[in-house]
Each structure stands twice: as structure tokens, then as C-alpha cells.
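**Student:** So the chains spell out like this:
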Amino acid sequence: MLPHLDAAYNLARWLVRNPQDAEDIVQEAYLRAFKFFGGYQGGHARAWVLKIVRNTSYSYLEKNRPAELAEEFDEEVHTAVVEQPGAEAALLQSADSRMLREALDELPMNFREAIVLRELEGMSYKEIAEVKGVPIGTVMSSLARARRQLREQLIRLRAKEEQGGLRK
Amino acid sequence: MGCENKELLLRAYFDGELDAVRSVEFEQHLKTCTLCAQELHEQQAMRDSLRAANLYERAPEALRAKVRAAIPPEARPQPIPIGRRPVLEWLAVAAAILIAVFLGAKVLPNIGGKTQSLVAEEIVASHIRSMQAGHLLDVESTDQHTVKPWFDGRLDFAPPVVDLTTQGFPLVGGRLDYIDHRNVAALVYQRRKHLINVFIWPKEMKDTKLPEAQTVQGYNLVFWSHGGMDFCAASDLNVAELHQLAELLGS
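Chains as they are written, first to last, in this note's numbering: chain A, 1 to 168; chain B, 1001 to 1251.
Isolated chain A, as found in the complex:
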């Protein structure tokens, strides 16, 4: 029985955005987990596994696709142009699965990771802080920025669709 394998794969898959690479990373991460077993010091086992998966994903990208790590710092804040109260919520609610996938896929790594751990994995701030090795305050602020960007991304995708009909 392999605990947290789904969580491990989900995180790797969203970080490297490619199923084959994600599989390789998970394999390597579990090997590392066994090799450095002594590194586990209690606490949340899931957070510990995901921390190793995260580190493995980052080293993989550093080596093979360094450009993707650089985009993390390229944060541009656009202001949304939805004025009517309630309109934005309706818009967000109507976003379909493909659009959400695209929006999340396009977020910078750091933000994508925050959303995946909080919204898909359902982790608490404390657990996310353990996975990322940062203070809880940093988790809160990157999560807030991630949500803002995801929201803007969705609104942009929606607007684009309404104008040009880019439906695949």
C-alpha cells in the first residue's frame, strides 16, 4: 500500500503540467522518501510526502525547463472590469471545467501550487506551510494573490470567449 500516491501525483502533475514527467517525478520522490526515511520527524505524513514531491518537481524543472521557474516572479496585476455587483460571482460560477483547467494551468508556478494544495488537496495553512517550507503568513499572502490572479484569468478567458468564440 502506498499512502498519498494520488496526492503526490496530483501535485506533480499540476507543477510540471505533463503526465509522463509527473509519473517520473512521483517515482523518484517515493524512492527519495525511502532513502531518507530518517528525515521524517512526525507531523503530517501527507505534508511530508508532498514536500518531497515538490522539491523533486522543482529540481526537475530547474534542470529541464528553467524558464518556467522564472515566470514565478512575473506578476502583473490587472484590474477586473466587471462593475455590477454580483456580476462577477455569476461569471465565476459559469466558468466551465475546461476554462478552469486552462486558467489554473497558466498561473505562475508558485500560485498554481497554492491553489492546488488549498483547493484541490484541501490542506490547512499549516500543512501548506510545511510542504512549502515557508511561514504561515507567506502561505496566506501567496494564496490571496493566487486567487486574485486566477479570478482575473477566468474573467479574461470568459471575455475572450464571448468576443471571439474560442470554444474548442
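One should not assume that every hint holds.
In silico DMTMM-like pairs for lysine to aspartate or glutamate, Cα to Cα no more than 25 Å straight-line [as the list claims (entries may be wrong)]:
| hint | chain 1 | residue 1 | chain 2 | residue 2 |
| --- | --- | --- | --- | --- |
| 1 | A | Lys132 | B | Glu1241 |
| 2 | A | Lys126 | B | Glu1140 |
| 3 | A | Lys132 | A | Glu161 |
| 4 | A | Lys132 | B | Asp1019 |
Label-pair ranges, simulated between beta-carbon atoms [stated by the list, open to error]:
| hint | chain 1 | residue 1 | chain 2 | residue 2 | range |
| --- | --- | --- | --- | --- | --- |
| 5 | A | Phe34 | B | Arg1058 | 15 to 25 Å |
| 6 | B | Leu1008 | A | Asn110 | 42 to 52 Å |
| 7 | A | Glu102 | B | Ser1117 | 31 to 41 Å |
Pulled from the structure, derived: some chain A residues nowhere near chain B, Cβ distances all over 10 Å [stated by the list, open to error]:
| hint | residue |
| --- | --- |
| 8 | Asn55 |
| 9 | Tyr58 |
| 10 | Ser59 |
| 11 | Glu62 |
| 12 | Pro66 |
| 13 | Gln93 |
| 14 | Leu104 |
| 15 | Glu106 |
| 16 | Ser124 |
| 17 | Gly164 |
I should point out that these hints are in silico values taken from the structure, not numbers from a laboratory.
Fair warning: this is a prediction, and the values are worked out from it, not measured in the lab.
Cβ coordinates follow ideal geometry from the N, Cα and C atoms, glycine included.
Once you've looked at the hints, dock chain B against the given chain A.
**Tutor:** Frame of chain A, contents of chain B only:
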């Protein structure tokens, strides 16, 4: 964005990271602040869409097999006799064994878990921690049909979740916790002003325990077993009423 000075609170509230008291305070604020109410509504809309979109990527079966094959045989978890440990957090257990060896403890006679008094201390520590800001609930709901599915995929067993509002123990929510080197379910019930943590994990011992009370650091604990699970209720509530709760939960 919500109103300016409440932005942090709003986020923590939305993520279920506020303690019960501050949650209630914030809910009061929400009643009068349309900015915050609207922001919360939008955040919820996005969360709903994210959930509905099924973005979680589960590990393919082939990967499971590959990972298992890649682990060196000496490191592979040993098969466990059926019935002894129907579920097993092997990472945690193996780590516990390593740590115990490191500490020079006698591990072998004790693999099935710590002695009850050590577990009791851990449970009280968890109970106290849960009362601190932001630790009480992972899923906040009085609806057993919301709380129960929430545990799916987070635990490798299905804890029984029942609301006991009509019997005077309303369900407040649930949380994942970590006791004796395994993930356990913690259900939070309320009795008047007292909060009760009920910890649930798959049964380790074959003999059925009768409800058994213990007091640690001024907190009352009642242990019992039922339907293949071990239970422990922890609270500052009196033992008699904890026994009553144990009975309602099927001891």
C-alpha cells in the same frame, strides 16, 4: 476585496482557519458589511467552480505498480496479517519504529501502538491544540452528510458520522488529526458551552473495551470501541455526560 481592515479575517474565515469565537464575530460583521459579504460570495463562487471542474489528477494504476516495483525490497513494507491492521500508515509507522530504535526504546512488543496512557496524553495535547485559533475544524458543518464525505480520500477508513443535535450534542464539524502515528478522524460536538473532540480510528485490539474514563491535565477522556473502531471523547465536560455521548455513539 472586502472592506479594508477585515481582509485577513475574511480569508481566514473563508478557509476555515478561524476559531469558533472569531468565526462568530466575523459572521456578525458580515451581516452589516456588504463589501465583505460580496467578496465572500465571489470567493465561494470560484471555489464551487473549482470543485465542480474535477481538476484532481489521480495516480494511474500503472504508476502505482511502478512505484511499488521501484522501492528496494528491503525497504518495502512487510505484509501485515489480515485483521491485525486493516489499514496502515506505513510511512508513519516505519518512521515511528526508526525513531523509537533511535531512542533505544523497546519497540517489538509495542508495534500495535503506544500504551494507552501515552495515547491519552497525545489526545489531550491534540484536544488543547484544537482549541487554539484556527485548529478546531477542517470541515465546518452541522450536516453529517457533508462531514462524512469530506473524510473520503483523506483517511483510509470511513469514520461513522452522526449528528446528535436532538440528543443535545450538536455536531459542529470535523477535522483530520494525528494520534499515535496515524491519521485519525476528529469529530467535534458541542454540549452547552463545552466542545468535545471525538477521535476515531480503526480498532487495534481484538477485545472489546467497555467505556473507560481517564483524566489527564484536568481534561476528561472516555475510551470505547464500537463497530471495528476505537473511539476517544476528550473534553472539559464532565465524565457522566461524556459517557452519555459514548452511549449515543454506540458503545
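**Student:** Take the hints in turn and mark each one as holding or not.
**Tutor:** We went through each hint and held it up to the structure:
1. A:Lys132 with B:Glu1241: The given pair, whose Cα atoms are some 42 Å apart, is violated under the 25 Å limit.
2. A:Lys126 with B:Glu1140: holds (17 Å)
3. A:Lys132 with A:Glu161: violated (35 Å)
4. A:Lys132 with B:Asp1019: Satisfied, since the Cα-Cα distance of roughly 24 Å is no more than 25 Å.
5. A:Phe34 with B:Arg1058: 15 to 25 Å: holds (22 Å)
6. B:Leu1008 with A:Asn110: 42 to 52 Å: violated (20 Å)
7. A:Glu102 with B:Ser1117: 31 to 41 Å: For Glu102 of chain A and Ser1117 of chain B the Cβ distance comes to about 55 Å; the hint is violated.
8. Asn55: holds (16 Å)
9. Tyr58: Consistent with the label, Tyr58 of chain A stays out of reach of chain B, its closest Cβ about 18 Å off (over 10 Å).
10. Ser59: Given a closest Cβ separation of 18 Å, the condition holds.
11. Glu62: holds (22 Å)
12. Pro66: The claim holds: Pro66 of chain A sits with its nearest Cβ about 24 Å from chain B, beyond 10 Å.
13. Gln93: Label violated. Min Cβ-Cβ 4 Å, cutoff 10 Å.
14. Leu104: violated (7 Å)
15. Glu106: holds (13 Å)
16. Ser124: violated (7 Å)
17. Gly164: Since the minimum Cβ distance to chain B is about 22 Å, Gly164 of chain A lies beyond 10 Å and the statement holds.
Of the numbered hints given earlier, the model fails hints 1, 3, 6, 7, 13, 14, 16; all others are met.
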